[in-house]
Amino acid sequence: MSTTTLSPIEVPPQVPSRRAFLRTGALSALAAGTLVACAKAPEAQTVKATAPSDSDHGGGTMAPHPAAVTATAKAEEMDRLHEAGIKAFPAKTEGKGNVLFEPRMEGNVKCYDLECSVLQWETEPGKRVTAWAYNGQVPGPQIRVKEGDRVRVKVTNRLEESTAVHFHGLELPNDQDGVPFITQPPIKPGETFTYDFTVPMGNHGSHMYHSHHNAAKQVGLGLLGAIIVAPRRPAAIERCDVDHVMILNDGMHGYTLNGKGFPATEPIVAKLGQKVRIRFMNEGMMIHPMHLHGMHMTVIAKDGWMQPAPWKCDTLNVAPGERWDVIVNCNNPGTWAFHCHILPHAESDHGMFGMVTALVVQK
Amino acid sequence: MSTTTLSPIEVPPQVPSRRAFLRTGALSALAAGTLVACAKAPEAQTVKATAPSDSDHGGGTMAPHPAAVTATAKAEEMDRLHEAGIKAFPAKTEGKGNVLFEPRMEGNVKCYDLECSVLQWETEPGKRVTAWAYNGQVPGPQIRVKEGDRVRVKVTNRLEESTAVHFHGLELPNDQDGVPFITQPPIKPGETFTYDFTVPMGNHGSHMYHSHHNAAKQVGLGLLGAIIVAPRRPAAIERCDVDHVMILNDGMHGYTLNGKGFPATEPIVAKLGQKVRIRFMNEGMMIHPMHLHGMHMTVIAKDGWMQPAPWKCDTLNVAPGERWDVIVNCNNPGTWAFHCHILPHAESDHGMFGMVTALVVQK
Amino acid sequence: MSTTTLSPIEVPPQVPSRRAFLRTGALSALAAGTLVACAKAPEAQTVKATAPSDSDHGGGTMAPHPAAVTATAKAEEMDRLHEAGIKAFPAKTEGKGNVLFEPRMEGNVKCYDLECSVLQWETEPGKRVTAWAYNGQVPGPQIRVKEGDRVRVKVTNRLEESTAVHFHGLELPNDQDGVPFITQPPIKPGETFTYDFTVPMGNHGSHMYHSHHNAAKQVGLGLLGAIIVAPRRPAAIERCDVDHVMILNDGMHGYTLNGKGFPATEPIVAKLGQKVRIRFMNEGMMIHPMHLHGMHMTVIAKDGWMQPAPWKCDTLNVAPGERWDVIVNCNNPGTWAFHCHILPHAESDHGMFGMVTALVVQK
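Chains as they are written, first to last, in our numbering: chain A, 1 to 363; chain B, 1 to 363; chain C, 1 to 363.
Next up, chain A with everything else stripped away, as it sits in the complex (with noise of 0.2 Å):
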């Protein structure tokens, strides 16, 4: 079991005999012999344009009729972006959240010193947002803990207003539960607070940590990340070779993946025959149900607790709060799409966008 690391996906076909946009678009009208006496008069061009009928009486080669013109440069613009988009994936950008999150170990106490602080986020290149991040990432980084570990987390707040972490999942004792003014005074601008709880027997599962302290505000700038609890023995059908943590989240950001945007989302690879296993979290705040091409998503887990049955589907609708492990069986070689199917959080006229990634099965 180890988290995705990332490799060259497989390279898409290319377009055969695409026509370069220029000469298409701008260009084809002056390229087609009807209309070359008029190139000294531009208006002139768009004049005869409108009118095809007078300038194809003369027989020979036929002018294609302007609006078509307009609508095929339009076309081929349009897939050079989308081709743009996807020839860039994985496209780099600075910055990784999510990164695995080595404890410090204080004798048998996992320990994680987690700091609050402001930053510029580059969510897809180019584009900086500015995020509340815990340790400078978004998502923050992944906590991966056993049930029944002791686990101390410092949270040091450098930010401008009080906060608190809620271990979202965790079945906590009351004043380990980070909801300010109910299980603890907010942690003030400057402050420290140190949580301390062993983990609950039979808690594991996908959890996640986040602000409980002006949470629409501070988790959607990006005070957010997952804590995964391991099993002391695991289920076998928990068993994969590639085990993902996709946090989904929209709003102040965009709609993105592990804290980015496609072209900069990262891809899932596998090789053939591998169990994939991902565990999807919704740190936003609408539903986002998430499609993937190719192969079928064996549902075993609902917010870290076992299905009582498996079930099987390719669109696995994600509500916020909720996390859903699937497991995915590799059969299928190729780069598979998977994406929000709320179009508008994938797709534009400009191309895939957003919540956009691909599993990789290579052979």
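These are calculated hints, taken from the structure and not from any lab test.
Beta carbons: idealized from backbone N, C-alpha and C, even for Gly.
Careful, some of the hints might be misleading.
[Stated by the list, open to error] Pulled from the structure, derived: some chain A residues nowhere near chain B, Cβ distances all over 10 Å:
#: 1; residue: Pro90
#: 2; residue: Glu94
#: 3; residue: Met105
#: 4; residue: Ser117
#: 5; residue: Thr194
#: 6; residue: Ala236
#: 7; residue: Asp243
#: 8; residue: Gly251
#: 9; residue: Gly254
#: 10; residue: Gly273
#: 11; residue: Met285
[To be verified] DSSO-like mimics (lysine-lysine), calculated; alpha carbons at most 30 Å apart, straight line:
#: 12; chain 1: C; residue 1: Lys312; chain 2: A; residue 2: Lys146
#: 13; chain 1: B; residue 1: Lys92; chain 2: B; residue 2: Lys363
#: 14; chain 1: C; residue 1: Lys363; chain 2: A; residue 2: Lys146
#: 15; chain 1: B; residue 1: Lys363; chain 2: C; residue 2: Lys146
#: 16; chain 1: C; residue 1: Lys146; chain 2: B; residue 2: Lys312
#: 17; chain 1: B; residue 1: Lys154; chain 2: A; residue 2: Lys74
#: 18; chain 1: A; residue 1: Lys217; chain 2: C; residue 2: Lys74
#: 19; chain 1: A; residue 1: Lys154; chain 2: C; residue 2: Lys74
#: 20; chain 1: B; residue 1: Lys127; chain 2: A; residue 2: Lys74
#: 21; chain 1: B; residue 1: Lys275; chain 2: A; residue 2: Lys312
#: 22; chain 1: B; residue 1: Lys275; chain 2: B; residue 2: Lys312
[Unchecked claim] Not the full set, but computed from the structure, chain C residues with beta-carbon under 10 Å of chain B:
#: 23; residue: His166
#: 24; residue: Pro173
#: 25; residue: Asp175
#: 26; residue: Val179
#: 27; residue: Pro186
#: 28; residue: Lys188
#: 29; residue: Ala215
#: 30; residue: Trp305
#: 31; residue: Asn317
#: 32; residue: Ala319
Dock chains B and C against chain A, hints included.
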């Protein structure tokens, strides 16, 4: 097993003693004795009417308070609009989508020719929208094949921009997946592309085909349809008398079921004791929790995959890209409302509209 | 099994050494030595303050950077508002909805009189909205019957427009279904209509009654309530100590639980070791994924129908028209936040609001 046939639905009971709108409304004031003397001076009427106690002291027939008159008139008008909508159901419109597509056999290959073109589509009486359609239908023609079938789908693009067809739910070889620049070049205007594949064994159920290029726009405009894969050996629970595909949509064409809004939606008709299978498919951008009156639904499949244990409900939340199959045991005679329970998708003060139809159980 | 009773909830820990807002805010600049000389010239203060390095070179007490002062003041004010909201919980408001409705017995018939009228409804302290209500309550009074019961519901319409009542989830004879012009005439202003039916055997569970005429408006304004059908023989898993109906709503009255927004929502109170059944019902237009802190929920029923196998979660997505029944085993003492995880439905920089309550587990 047959697709639904239109048949006259049961007539709702008449409204007893409904006073005509006009009499109740504008004219009722004139009929009221105390206001007769003012008939020649309508301005005065209003003045008088705002002080009913002035005109009441003489006793006799009381005039209704004008605010009440207006309210009553508005209430009557609202009822009239609601009734008119119901009475018009199922209203005729030009064009019908989701029509069973008979294949052309080439040897043992089932061949389907799809042509993409632009047209005007009537979603409800008098409401025409621009549609991008397969074979002039929204949704496109309903393809029904069997697992193991060899299938050929020839797509001709008569649009002004490129397109491609993705068979959503089918686990095909990568080069048949229909994602431009990842699995194939886009099908440019005027071009033809042929998909040629064998439907994998085990991959039966309710699937969809739709554009996967500039899809937020192209699917939104109508480039979508159902592809149903029959199993070689249907499970006992799948047996049904009526097999109905219900494609949910929102966005550019309004709220529609199979391309039409109420009252132009198609009722589902069954005889008492029959079993109806409904295959919900969401091609829109929003969830639609579909609510059936009078009888519950037994959920048997998700995205084509049989659920490990069927479960019952009366309201089924269908998210974009999802397909859910249910069985209704028609044991309750009558005309039953069947609608999205996001009420603004189904009713306004002008009556029911959009995602409303009926399941008619005939004795 | 009883409905929830209000009881004092556990007091959250005090914030230690919280500096008063005013001192920290506007007055702290004046208290800082280096700025005292400027006290008579506030404009100059500002100028000085924007260049703190000028006034720092003499050493001594440093004045905080005014931007920091402002940020701190804003942070303190935000905390103050958050704390005030929590401290006010459960806040008193006028009117209480969802109150258990004792039937009037006529022989063996359980009779309920519902009167629809317009009123002002206080959703949170000081916030009054126009409501259309059954018996002056939003939600309407909670009806509890048993499967096989004979029930009579007399509806009197004191509104300015027609209405009708649909028993959502009950499988009644068609003429009791409450859909104007399909199953009955609308109930006009001033009119009375009586529904008279026997609750079908097997049709137990969590159901709803609401307007089915101009329903986007009428339900949105409050014409809704719960009708709970007890089974003759409850399943073992249904046994509980506290039985709580939680009706989710959004739209015209804001985000509410049982007609109230936080801090006027009602806490659910149980003793350690007790079992709480929560019956979620969504009468709004949006999904609401309800998240319970500290303990998981075991999902036992959907739309009244027992799930074939119970399953666990901590965040349950409830769509419009759906009902979900869960059991919480109260094994973790404390006051636990319980809220919609679409964070803008639950918290703003003014504190928690809307769809927030608490499950209080008392030792």
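Results for each hint:
1. Pro90: holds, 13 Å
2. Glu94: holds, 26 Å
3. Met105: Consistent with the label, A:Met105 stays out of reach of chain B, its closest Cβ about 42 Å off (over 10 Å).
4. Ser117: holds, 36 Å
5. Thr194: Label holds. Min Cβ-Cβ 40 Å, cutoff 10 Å.
6. Ala236: holds, 16 Å
7. Asp243: Consistent with the label, A:Asp243 stays out of reach of chain B, its closest Cβ about 23 Å off (over 10 Å).
8. Gly251: holds, 17 Å
9. Gly254: holds, 15 Å
10. Gly273: Correct as stated: the minimum Cβ-Cβ distance to chain B is 15 Å, above 10 Å.
11. Met285: holds, 14 Å
12. C:Lys312 with A:Lys146: The given pair, whose Cα atoms are some 20 Å apart, holds under the 30 Å limit.
13. B:Lys92 with B:Lys363: Within the cut-off at roughly 25 Å; holds.
14. C:Lys363 with A:Lys146: holds, 29 Å
15. B:Lys363 with C:Lys146: Measuring from Cα to Cα gives roughly 29 Å; hence the hint holds.
16. C:Lys146 with B:Lys312: Holds, at about 20 Å.
17. B:Lys154 with A:Lys74: holds, 25 Å
18. A:Lys217 with C:Lys74: holds, 15 Å
19. A:Lys154 with C:Lys74: Holds: A:Lys154 and C:Lys74 sit about 25 Å apart, inside 30 Å.
20. B:Lys127 with A:Lys74: holds, 29 Å
21. B:Lys275 with A:Lys312: Distance ~25 Å between B:Lys275 and A:Lys312 Cα, so the pair holds.
22. B:Lys275 with B:Lys312: Given that 30 Å is the threshold and the Cα spacing comes to 15 Å, the pair holds.
23. His166: It holds, given that the least Cβ distance between C:His166 and chain B is near 7 Å, below 10 Å.
24. Pro173: holds, 8 Å
25. Asp175: holds, 8 Å
26. Val179: Nearest chain B Cβ about 5 Å off; hint holds.
27. Pro186: Interface hint status for C:Pro186: holds (5 Å vs cutoff 10 Å).
28. Lys188: holds, 7 Å
29. Ala215: At 5 Å from the nearest chain B Cβ, C:Ala215 passes the 10 Å test, so the hint holds.
30. Trp305: holds, 4 Å
31. Asn317: holds, 8 Å
32. Ala319: holds, 4 Å
Violation of the numbered hints given earlier is absent; every hint is satisfied by the structure.
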